[in-house]
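Sequence order for the protein chains is A and B.
Under this note's numbering, the first residue of the first sequence carries the number 37, and numbering increases by one thereafter.
Under this note's numbering, the first residue of the second sequence carries the number 77, and numbering increases by one thereafter.
Keep in mind the hints are simulated off the structure, nothing from the lab.
Be a bit skeptical, because a hint or two may be false.
[What the hints assert, rightly or not] The calculated label-pair distances, taken between Cβ atoms and stated as ranges, are:
{"id": "1", "chain 1": "A", "residue 1": "S170", "chain 2": "B", "residue 2": "R351", "range": "40 to 46 Å"}
{"id": "2", "chain 1": "B", "residue 1": "T127", "chain 2": "A", "residue 2": "M179", "range": "49 to 55 Å"}
{"id": "3", "chain 1": "B", "residue 1": "M129", "chain 2": "A", "residue 2": "V163", "range": "27 to 33 Å"}
{"id": "4", "chain 1": "A", "residue 1": "V78", "chain 2": "B", "residue 2": "I104", "range": "53 to 59 Å"}
[Said to hold, decoys possible] In silico lysine to aspartate or glutamate, EDC-like type, Cα no more than 20 Å apart, as pairs:
{"id": "5", "chain 1": "A", "residue 1": "K240", "chain 2": "A", "residue 2": "E131"}
{"id": "6", "chain 1": "B", "residue 1": "K209", "chain 2": "A", "residue 2": "E296"}
{"id": "7", "chain 1": "B", "residue 1": "K209", "chain 2": "A", "residue 2": "E299"}
{"id": "8", "chain 1": "B", "residue 1": "K209", "chain 2": "A", "residue 2": "D303"}
Keep in mind it's a predicted model, so treat the numbers as computed, not measured.
Here a beta-carbon is modelled for each residue, glycine too, at the ideal position from N, C-alpha and C.
Given next are the chains, with one letter for each unit.
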Amino acid sequence: MKLKANVSDLTLRLGSGAFALVLVLIVVGIGWVLWDEARLSVAKFGFAFWSRSHWDPVSGEFGAFPFIWGTLYSSILALLIAGPVAVGIAVFLSELCPEKLRAPLAFITELLAAIPSIVYGLWGIFVLVPAVRSFQLSLPEWMTSLALFSGPPVGVNLLSASIVLAIMIVPYSSSITREVLRSVPVAQREGACALGATKWEAIKVALHYGRAGIVGAIMLGFGRALGVTMAVTMVIGNNPQAKWGLFEPSYTMAAVIANEFREAVEDLHLHALVEIGLVLFVVTLIINLGSRLLIWNITRDRSPKASPTPAAQPEAAS
Amino acid sequence: MTFHNARRRVTSVVMTGLCTFSVVLALIPVVMILTFVISKGAGSINWAFFTEMPKPVGETGGGMANAILGTLTLCGLAAIFAVPTGVLSGLYVAEYHGTRFASIVRFAADALNGVPSIVIGIFVYAIAVLPFKQFSALAGGLALGVMMIPMIMRTTEELLRLVPVSLKEGALALGASHTRTVFTVILPAALPGILTGIILAFARIAGETAPLLFTSFNNRFWSTDVTQPIGSLTVQIYTYAIAPYEDWHRQAWAGALVLVVLVLTCSLIARLATRRLKRMHVGA
Chain A
37 MKLKANVSDL
47 TLRLGSGAFA
57 LVLVLIVVGI
67 GWVLWDEARL
77 SVAKFGFAFW
87 SRSHWDPVSG
97 EFGAFPFIWG
107 TLYSSILALL
117 IAGPVAVGIA
127 VFLSELCPEK
137 LRAPLAFITE
147 LLAAIPSIVY
157 GLWGIFVLVP
167 AVRSFQLSLP
177 EWMTSLALFS
187 GPPVGVNLLS
197 ASIVLAIMIV
207 PYSSSITREV
217 LRSVPVAQRE
227 GACALGATKW
237 EAIKVALHYG
247 RAGIVGAIML
257 GFGRALGVTM
267 AVTMVIGNNP
277 QAKWGLFEPS
287 YTMAAVIANE
297 FREAVEDLHL
307 HALVEIGLVL
317 FVVTLIINLG
327 SRLLIWNITR
337 DRSPKASPTP
347 AAQPEAAS
Chain B
77 MTFHNARRRV
87 TSVVMTGLCT
97 FSVVLALIPV
107 VMILTFVISK
117 GAGSINWAFF
127 TEMPKPVGET
137 GGGMANAILG
147 TLTLCGLAAI
157 FAVPTGVLSG
167 LYVAEYHGTR
177 FASIVRFAAD
187 ALNGVPSIVI
197 GIFVYAIAVL
207 PFKQFSALAG
217 GLALGVMMIP
227 MIMRTTEELL
237 RLVPVSLKEG
247 ALALGASHTR
257 TVFTVILPAA
267 LPGILTGIIL
277 AFARIAGETA
287 PLLFTSFNNR
297 FWSTDVTQPI
307 GSLTVQIYTY
317 AIAPYEDWHR
327 QAWAGALVLV
337 VLVLTCSLIA
347 RLATRRLKRM
357 HVGA
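So that you can see chain B by itself, here it is in the shape it has in the complex (with noise of 0.2 Å):
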């Protein structure tokens, strides 16, 4: 009997050590990953970075200024796309919860959120490149955007849920239509985090390379014209990784780091406002 019990305690002590012993497990990724990040990145980016465009194969320096700003111009394109149609599917979906359609446009939802970045990158490929015969920011804006449709649907109904239903109700009873009192009462209130929700949106499509590959393709040189192909951060950096230059490598690097502080500081940002908005809610 006691060495049953006390095998009973081993097994516990050992199993509660492996689930302990998986978290050290997931940090050595997270550690490992940021700091050479950030150690390589650290020695590789200057001002030229910044501020020069990519020098021809075999001059070193030069940077990658046209890439920052692509990134920049396709996140906003697909903001374009993305916010109008996330948060009114998002106010759709729970406004009208319940409704039959309601529940599937949920459903594609979730649908879309799973669907793997290339694929996406095939379709708009077929209805906005092909058309056109040419690859174009526009292309790859759309394709960011429709990436980001489903995230920002998802927070805005989260968030429109969260709402007190006295707030509504306090609304209607004043004689507010119901109009009225989503676009003066609801929204507001929800509007600190919807804003969460598309700052965390914007950092997840910023990262992502597959779906450009064939919308917005690559371009080295400064381009503003969102008809045309346009450099960005990720394609850029996947280009260099796989040459063999050193100092394409560097820069690899270095871009990296731009877009890991990019994409950290926005994911640091949501989680701090998210926090201080919960805190809000409890409190009310």
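Chain A on its own, in the form it takes in the complex (with noise of 0.2 Å):
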């Protein structure tokens, strides 16, 4: 009988420890199978590959500088406009709202997070970009003289992808900041208020506190923001140049992997898209897992009835 009980018991968990396996073999054979499909390239071009800014298909030249230039700018570009505005949220949420509007606001703000990123794409190309353009056109003169503002009158272009991008990634950064400021101490808050604190010079102690998880969860919005494919290819403009102005149509790694990947007939054209793809994964993966860490680091133990996972959490809200 007690044998049977432990035969069962092993089955369990080898069973149910295969399956664990699986999820690890995944990560590990994507990172394995993009290396196998990127060698060519990689061998042809090393480290040259992402300082070179030309790109050229038919006669087989390949330099990815271009769209590392347009991936950065545009998530930094994101960046600074979603980091605010999810910070604001988060505490506006946690520190100031009625508790009868909590739910429902965070809520809707974090609809944008389930929202189809193809979606923003078609509303980013027939609402956006159009509207892009007019505000493009009635700068004035001595504005759009300057190398930031210059650029072809097109509307699809950098600052489009950056709105769109900032849209996406303010659900992802806000429910976090939001968790991480659940779990600063409500001593904190008080101690402030005790001593004569505002409410602002009180939220700002707990900001202090919380500072390391805020800006993981910035970070992770970064980290999105980097991947976002479908909704970028629709507004950037998908120009391979590496230029300051906002108003220049670019290019980013993931668009141009989802643009040319299917269309790639030669070996070693496909080798630099898996190359690009490769960097894209290792580069997620080191800003997820980084600031995955500061919001753990953050949230353990201090809050008790938070979710196990509190990064899994807007997955979970929206």
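Combine the two chains into a complex, taking the hints into account.
Structure, rendered in structure tokens:
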């Protein structure tokens, strides 16, 4: 009887463990497969792949700098727009909002995470792009002559992409910042208030206490932004150039994969695209795990009622 | 002194005001996007959209029946791949948490959750399209399944750990084996929540486009063969949106409306279910 129970318990452990192993194998497999499929490009170009700006599939010249540039530029700009807004939302929802409004408002802001990327893209093409274009045309002459505001008046450009990205990452960053603020001990705020702090000063104390987690939350949003494909592909203009102008049509790493992967007939072209994917994989991996570590450091132990995985919250909430 | 205090109070009002304003700022795009999708979509949607096949280029009319079927097929295949793996690995992590392997698995799930969907597309292309030299619904389903696994694993783990320890102890005290306890007590207690998690994961992958571009590809015809390329709402919307035809744009909006309604309904159901579950657990 006892033996039978032991055997079945062992079966449970090994059986479910086997499925858990599948998950680990997938992650390792992604890294390995991408490395294997990128070898031609890695061997031919080496590190120069990332510093060269010439991308010409016809002549077999592949330099990925414009894509890195476009990805980083649009994501950082998105971060600058979305970061403050996300923190503001989190502060409002966790510190200022009347109890009754909290759940519905949180739900509505998190709806932004539920809307599919392709719908953002569609909205981007038909609503945002014309709006950005007319905004550009309405700028005074002295502004458009600056390098920052240069670019053809087409509407598909870095700025459009950054706006779409910013909208898309706000819900991620804000819901995790909220989680972080929730795990700041009440005593911190009470202490500040007892010393005569105004509401904002008490909030500042809480923000200061949770700063590492908030940085993590914003980084997590950044990691998301790097990998957004469809919405960006549809509004960035898909032109491989690295320029400072906000109105310059540009290109991102994810977008070039989406556009050229199916048409890549040459092995080298395919491998070059996979190498871009490999770097995207490694970079998002590092950013994600780093930011989760920061968030986890703040939220563990301090909030016994919080879920064991605060970082998984936005999915559950969307 | 009073001047200093006044300044502090003003700062406080301004800053809290800015925080309130940021919520308004986030509500603007939600409202804008939803109104656009609903108004444009509602004007373009009709019965033919659900029942008819795409017309050749140049002819107006037709629908996306094949793409709707395709999206459902792909999501169904994804669920077949992901539900057993996700639930059982979640079970492992919840039941044997604290072991080294459990933390590795959790780490892998976090990592996989953050991998851009386009990268998963490349991965599945390399393992399920290249060897057979054939885009297929199976490959598309696999790509979506890979995205679904960590989501399901996470909810399963969370919900299994929410099951009161007393239930488990009760079963064990009655002499049930660990396996029996898991399958007759713990899993049933968490089942509604796990189903909710699966619905949410479903809603998220139904809107994915990037991993399908080079796995399930696209297909303008009715297809039920999972070894052949298959259309999907998202890829179809993409194709139509970037094409220069007015009527295709109209259909893209209609498709977006269907997609948004699908995704939001799932989210809302899951949301309401979660709230009820939480109340049940608090009451228990």
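Hint-by-hint comparison with the structure:
Between S170/A and R351/B, the C-beta spacing of about 43 Å keeps the proposed range 40 to 46 Å intact. Range check, T127/B to M179/A: Cβ separation about 52 Å, and the 49 to 55 Å hint holds. At roughly 29 Å, the beta carbons of M129/B and V163/A sit within the given window of 27 to 33 Å. For the hinted restraint 53 to 59 Å between V78/A and I104/B, the CB-CB distance of approximately 45 Å leaves it violated.
Straight-line distance between C-alpha atoms of K240/A and E131/A comes to about 11 Å, which keeps the hinted pair within the 20 Å bound. A hinted pair counts as satisfied when its Cα atoms are at most 20 Å apart, and K209/B with E296/A qualifies at roughly 18 Å. For the hint linking K209/B to E299/A, the alpha-carbon distance of about 14 Å falls within 20 Å, and the restraint holds. Distance check on the hinted pair: K209/B and D303/A sit about 15 Å apart at the alpha-carbon level, within 20 Å; holds.
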